[in-house]
Amino acid sequence: GAVVSQHPSWVICKSGTSVKIECRSLDFQATTMFWYRQFPKQSLMLMATSNEGSKATYEQGVEKDKFLINHASLTLSTLTVTSAHPEDSSFYICSARGGTHEGPQHFGDGTRLSIL
Amino acid sequence: SQQGEEDPQALSIQEGENATMNCSYKTSINNLQWYRQNSGRGLVHLILIRSNEREKHSGRLRVTLDTSKKSSSLLITASRAADTASYFCATDLQGAQKLVFGQGTRLTINP
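Protein chains in written order, with the numbering used here: chain A, 96 to 211; chain B, 21 to 131.
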């Protein structure tokens with residue numbers, strides 16, 4: 096149980112393109128979803144927390160207009176990297192948590208984004 | 021800044037040996053969690069230990085928590101080549117719904 100599916104797993108696109116990444120909880124209702132960014136050989140950096148039906152809470156230093164997050168249902172959250180540039184190239188990972196605020200997070204397999 | 025610091029940053033041992041990783045944190049927590057990440061993949065939850073617990077076991081995993089020292093350790097016994105991965109501790113902070121991850125330990129098990 097507690098499966099999270101993230102798509103796409105790999106994206107290469109030109110500078111200036113907007114890229115949408117989907118995160119779905121397949122067998123549970125995700126009241127909260129999280130979006131992380133990870134650089135090679137480094138830890139996860141939380142970008143934002145989204146609760147279903149409300150605006151995402153962004154971490155300090157993360158541009159809201161750059162990284163658009165939508166959490167329209169209890170099973171789907173999307174991250175759109177708008178007008179992507181090479182410096183946005185990274186590994187993006189989503190996670191989801193069910194009803195309790197103190198349980199584990201369930202992670203997708205990540206999306207490797209490469210901007211040329 | 022990151023809440024958790026882990027050591028060692030990298031650990032390389034022979035198959036069959038035990039691997040110990042340590043994690044320290046700074047503020048009060050609800051619980052502490054350990055995750056594993058294979059290269060290029062997402063994280064897999066291993067074990068959660070609550071702030072009022074001192075030790076927890078799951079298969080070959082043993083986790084300890086010392087809230088007075090704000091530290092935790094993860095012990096993997098009888099390591100296998102398939103245990104090669106990065107291991108992260110994550111603290112579930114009081115008053116927040118997010119996890120804060122440590123820097124991770126890259127574990128290599130040599131056959």
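Among the clues, some could well be false.
If you only want the chain B side, here are some residues facing chain A, beta carbon under 10 Å, derived [claimed, not checked]:
1) Pro28
2) Ser32
3) Tyr55
4) Gly62
5) Leu66
6) Asp103
7) Thr104
8) Val120
9) Phe121
10) Gln123
None of these hints come from the bench; they were simulated from the model. Glycine included, C-beta positions come from ideal geometry on N, C-alpha and C.
Structure-based check of each hint:
Violation of the interface hint for Pro28 (chain B) is found here, the shortest Cβ-Cβ separation to chain A being roughly 14 Å, above the 10 Å cut-off. Given the 10 Å rule on beta carbons, the hint for Ser32 (chain B) is violated: about 15 Å separates it from the nearest Cβ of chain A. Hint status for Tyr55 (chain B): holds, given a least beta-carbon distance of 8 Å to chain A, under 10 Å. Given hint, Gly62 (chain B) at the interface with chain A, holds; its Cβ is 4 Å from that chain's nearest Cβ, closer than 10 Å.
For Leu66 (chain B), the interface hint holds, the least distance from its beta-carbon to any beta-carbon of chain A being 9 Å, beneath 10 Å. At a threshold of 10 Å, the smallest CB-CB gap from Asp103 (chain B) to chain A is about 18 Å, leaving the interface hint violated. This hint is violated: Thr104 (chain B) has a C-beta 15 Å from the nearest C-beta of chain A, more than the 10 Å allowed. Restraint check, Val120 (chain B) versus chain A: the minimum CB separation of about 8 Å is within 10 Å; hint holds.
With a least beta-carbon distance of about 5 Å to chain A, the hint placing Phe121 (chain B) at the interface is held under the 10 Å criterion. At its closest, the beta carbon of Gln123 (chain B) sits 5 Å from a beta carbon of chain A; the interface hint therefore holds under the 10 Å criterion.
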